[in-house]
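Chemist: Fit chain Y to the supplied structure of chain X, relying on the hints for placement.
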Amino acid sequence: MAVVSTRAGRLGNRLAITAVILVTLVFLSPIYWITSTAFKPLVLATSVPPTVVFEPSITPFVKLFTKRAQLTAPVDPAVYEAAPWWEKLILDGGERLSRDGKGEIVYSAYPDRFINSLIIAVTSTVLAVSLGTITAYGFSRFRVKGEADLLFFILSTRMLPPIVVAIPMFLMYRAVGLNDTHFGLIILYTAFNVSFAVWLMKGFIDEIPKEYEEAALVDGYTRMQAFFKIVLPEAATGIAATAVFCFITAWNEYAFALILTNRRAQTAPPFIPSQVGTGLQDWTVIAAGTVLFLLPVAIFTFLLRNHLLRGMSFGAIRK
Amino acid sequence: MANLITTLDPASRAASRGWSDTTIRNVFVIPTVAFLIIFNVFPLLYSLGFSFTDFRASSKAPVNFVGFKNYINVLADPVIWRTFSTTLWYVIVSVTGQFIVGFGLALLLNRPLPFKGLLTTLLMLPMMLSPVVVGLFWKLIYDPSWGILNYALGLGPVAWLSDANLALYAVAITDIWMWSPFVMLLSLAGLSAVPKHLYEAASIDRAGKLYTFFRITLPLVAPILLIAVIFRTMEAFKTFDIAFVMTGQPAAELISSRLYKMAFQQWQTGPSSALAYIILIMVLCITNIYVKYLNKAKER
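Going down the list, the sequences are from chains X and Y.
The first sequence stops at residue 319 when you use the working numbering, and every number in between is there.
The second sequence stops at residue 300 when you use the working numbering, and every number in between is there.
Some clues are possibly wrong.
[Unchecked claim] Distance condition first, Cα-Cα at most 20 Å in a straight line; then the derived SDA-like pairs of lysine to any residue:
1) Y:LYS69 x Y:LEU88
2) Y:LYS296 x Y:LEU226
3) Y:LYS209 x X:LEU232
4) X:LYS210 x X:LEU232
5) Y:LYS296 x X:ASP149
6) Y:LYS209 x X:ASP149
[Claimed, not checked] Short, incomplete list of chain Y residues facing chain X, as computed with Cβ under 10 Å:
7) TYR46
8) LEU166
9) PRO181
[Stated by the list, open to error] A few chain X residues that face chain Y, going by a derived Cβ cut-off under 10 Å, partial list only:
10) ALA16
11) LEU171
12) VAL176
13) LEU188
14) PRO270
15) PHE293
Simulated from the structure, these hints should not be mistaken for lab results.
For every residue, glycine included, the Cβ atom is placed at its ideal position computed from N, Cα and C.
Pulled out of the complex, with its shape left as it was, chain X reads as follows:
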């Protein structure tokens, strides 16, 4: 803190730096472990003792996207030669790619689930952030009757345990035929992200001086023009940060997806664990699916690093 120039102080500082680096390494080791598993040959994934150093291979990712069957006889060398490099990786592992009647490769369920996640997360984010921004503007700039109670209500909708809400949602969705549809999950995710977006955006908009808009109004803008041309550009960083948060929440959501979807609209979070427990599982493939799934979030976390705290605390902490 204040005095670090003493010898004891410098020593303390060195110790602290060492401790911080060690702790960071410990914190990152689980992430390293799952990532490394995604690049391991099958036999090394569950070896005893665990393998830390190995030659990385891309095979788990090829397996992730395809359906395979055990080879019953050795491969014809001519077929092997003709196969592309990624098919050779599968053949080397003693398996062959499943093909349909026309000889086309059969893909696994993973790409579909991944695309479902993408469609649902992106659409619900766009909806939640748009609604959240205009509502936050309304709360920030105009007097709304019972504002404090409404804002508490909006926040509390986000605090409900998912399973509590999922019971009636399931029954209602079943009654109107929204179970296992993209649309059903999209509006549900929009509903629980919008409350978050309102809280966060209200903080960002509160910080934009009212005088900017008033100056625009004096210059002959209408209130709507002022909102679109002055407030929105000023709030751009806030909107981006809110959007990333909403995306991550929708992308990671598990409980509702588990209960409300099973095939057509199933997202990746309920799908990835469902692969476990079906006999002898190939952990390298599960790890590969996990790594691909975590990648967008890791990138976003990096982009979001300066706003993270604010988002995680519902705008309580502003840095």
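Modeler: Frame of chain X; chain Y shown alone:
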């Protein structure tokens, strides 16, 4: 006429062109509030109704009104009490763990460090990941025969997730791993807001390190730490995905998992709605406390 308009305040001038402020307010606020009511209040009213019946979503049998029987049965069920006390213990263990690790890390990081930004960003990563996927890969780490944890710690084949005495702690450790950085970030924000001159004054007065910590640092950081603790308590109480994916050990069953099983595996829609309501009231109480502190913190 033109002169008259310019003397009016800008808001009413704008109102004379385009939409009035009242219209804009209504158009901006009402749809969202209505949408949230449809998606939150309406379902809850719906399940409030079911909580007084013997409805089973899996059968077409006629639905009977049973009064408070579901509530009485749920509250008299020893299994539910067990999961409540398990959940309570889980919340205590995991929030305390997060507090110690997170605040400790913040104290270490609260000094000029090389690569501080990079280190904090890397530490943020766990909490942004999908809890269900985190649960899944910790399962791989905890595996008794080929998991890395037992090997790295030099333990024998400890069956973390299937041992009745360990499973809950194993889940809590994963949760601590995921969320300590959150407490750390909040604490760091609090620590960096402590005015430097207070420390200078303390050092002039030759105050000891411990004295400075307990009399200056802690009281000033306390409000923000409280926010972190209440927030994590609320989230830990709701825990579903991590625990559900990681272990099926009954001794580690949390209230959300119990509710899921009652509602979607045993299809006891009526009783599970009653239990859901009991949980709902508890969560609303904690939320209320949280919002109070949140508003206090915002006023500062």
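Chemist: Hint by hint, say whether it matches the structure.
Modeler: The hints, checked one at a time:
no.: 1; hint: Y:LYS69 x Y:LEU88; verdict: violated (25 Å)
no.: 2; hint: Y:LYS296 x Y:LEU226; verdict: holds (11 Å)
no.: 3; hint: Y:LYS209 x X:LEU232; verdict: violated (48 Å)
no.: 4; hint: X:LYS210 x X:LEU232; verdict: holds (13 Å)
no.: 5; hint: Y:LYS296 x X:ASP149; verdict: holds (16 Å)
no.: 6; hint: Y:LYS209 x X:ASP149; verdict: violated (45 Å)
no.: 7; hint: TYR46; verdict: holds (4 Å)
no.: 8; hint: LEU166; verdict: violated (18 Å)
no.: 9; hint: PRO181; verdict: holds (7 Å)
no.: 10; hint: ALA16; verdict: holds (5 Å)
no.: 11; hint: LEU171; verdict: holds (6 Å)
no.: 12; hint: VAL176; verdict: violated (12 Å)
no.: 13; hint: LEU188; verdict: holds (7 Å)
no.: 14; hint: PRO270; verdict: holds (8 Å)
no.: 15; hint: PHE293; verdict: holds (6 Å)
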